[in-house]
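Engineer: Below, each chain spelled out in residue letters.
There are 2 protein chains.
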Amino acid sequence: MPDRGKLIVLSGPSGAGKSTVIQRVRAARPNLRFSVSATTRQPRTGEVEGEDYYFVSELRFLEMLARGELLENAQYVGNRYGTPRAPIEEHLNQGRDVLLDIEVQGAAQVKAAMPEAVTIFLSPPNLETLRQRLVQRGTDSPEVIEGRLQQARVELLLAKEYDYIVINDDAAVAASEISAIITAEKCKTADRIQLIEVQLQ
Amino acid sequence: MPDRGKLIVLSGPSGAGKSTVIQRVRAARPNLRFSVSATTRQPRTGEVEGEDYYFVSELRFLEMLARGELLENAQYVGNRYGTPRAPIEEHLNQGRDVLLDIEVQGAAQVKAAMPEAVTIFLSPPNLETLRQRLVQRGTDSPEVIEGRLQQARVELLLAKEYDYIVINDDAAVAASEISAIITAEKCKTADRIQLIEVQLQ
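Residue numbers (the numbering used here), protein chains in the order written: chain A, 1 to 201; chain B, 202 to 402.
Don't read these hints as lab results, they were simulated from the structure.
Label pairs and their computed distance ranges (CB to CB): (1) A:Glu49 x B:Pro326: 40 to 48 Å; (2) A:Arg26 x B:Val278: 49 to 57 Å; (3) A:Gly46 x B:Leu358: 52 to 60 Å; (4) A:Glu49 x B:Ile394: 37 to 45 Å; (5) B:Glu329 x A:Arg96: 23 to 31 Å; (6) B:Pro231 x A:Asp140: 38 to 46 Å; (7) B:Gly269 x A:Glu146: 49 to 57 Å; (8) A:Gln194 x B:Leu266: 33 to 41 Å; (9) A:Gly46 x B:Ala391: 42 to 50 Å; (10) A:Gln105 x B:Asp392: 20 to 28 Å.
Under the rule of at most 27 Å between Cα atoms (straight-line distance), these lysine-lysine pairs were calculated in the DSSO-like manner: (11) A:Lys188 x B:Lys361; (12) B:Lys387 x A:Lys188; (13) A:Lys188 x B:Lys219; (14) A:Lys18 x A:Lys160; (15) B:Lys389 x A:Lys18; (16) A:Lys18 x A:Lys186; (17) A:Lys160 x B:Lys387; (18) A:Lys111 x A:Lys160; (19) B:Lys361 x A:Lys111; (20) B:Lys312 x B:Lys219.
Glycine included, C-beta positions come from ideal geometry on N, C-alpha and C.
Throw the hints in and build the complete structure from the sequences for me.
Structural biologist: What follows is the structure, encoded as structure tokens:
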């Protein structure tokens, strides 16, 4: 039986550069799987069931919730979103690591439901850099940017709840640190001791 | 002020391939420093003071011991060996990571003296491979090899006391795992949280 995989929970404020860093981690670790959310919102053009989301009815979502089938859930603009536990468990049991990209409240729910989850907070180097990145992205109005910065401050206050903090000053360095964390977690004695114990039988 | 460095304690039975793995870790992390032991034995030809060992008199050694200047100490074939704390503290305070290559009893003493030390046990993939490696090395008699295997079993029983276990099946993989552990330890929230806190002031 393969070693159980690791569930890696990654959070970070909007503008911290999470997508770029995740792309690089994905390139470095092709076996890493990504958690797919369930949602009650309608699929957009091009979105693939089971890849972008599991698209479910309101009734089915509530059923999943009631049965404890979701590691976390939230409502956003009238739609429900949640992380189904079963596909993650299946990956982990088959020895595959899973990355879950989720905001801070969801991360806390996941950690409560699965304390073995390894939580990583991706932080911008500082709030001024975050502001510059949001401005350069050019998608948000000044008011929205101010709102995101306020939200970032709230999220940074929760960074201390995470197991690891990665500062995204350079995306390559940040990605290699995340990859190193996954590798190191797989070397922890609790996970490896059985390989020693079989030698001593 | 730079972040404090990490003290990495590496142990593993004779024949586990520690020297080869350490060489590779050293190549990958040129800033990693190595702890230098103090000893009462005579220098051999070519050995350099402060590089191979700190060569000290019996009186000086006992003085260091009495003053708590040694993180661990042991006697071996009539000579005393110990790990001076001061040079390690100096490296750590200047942000340099230090690797301490030491047997299991010494590692336990170091962990007791400096609980922040990160301990890694390097294991052979199995005892049969260890036997083959010791035979191929060609330096030991069959009796000595049997003794080393017995000693290895005793050491493997102590692997569970370590923070991490690295299995040396392939030296390149083992070295990259040790390097990943060092990187990951430097990302732990306790070490990084101040970088977040300064942003929120």
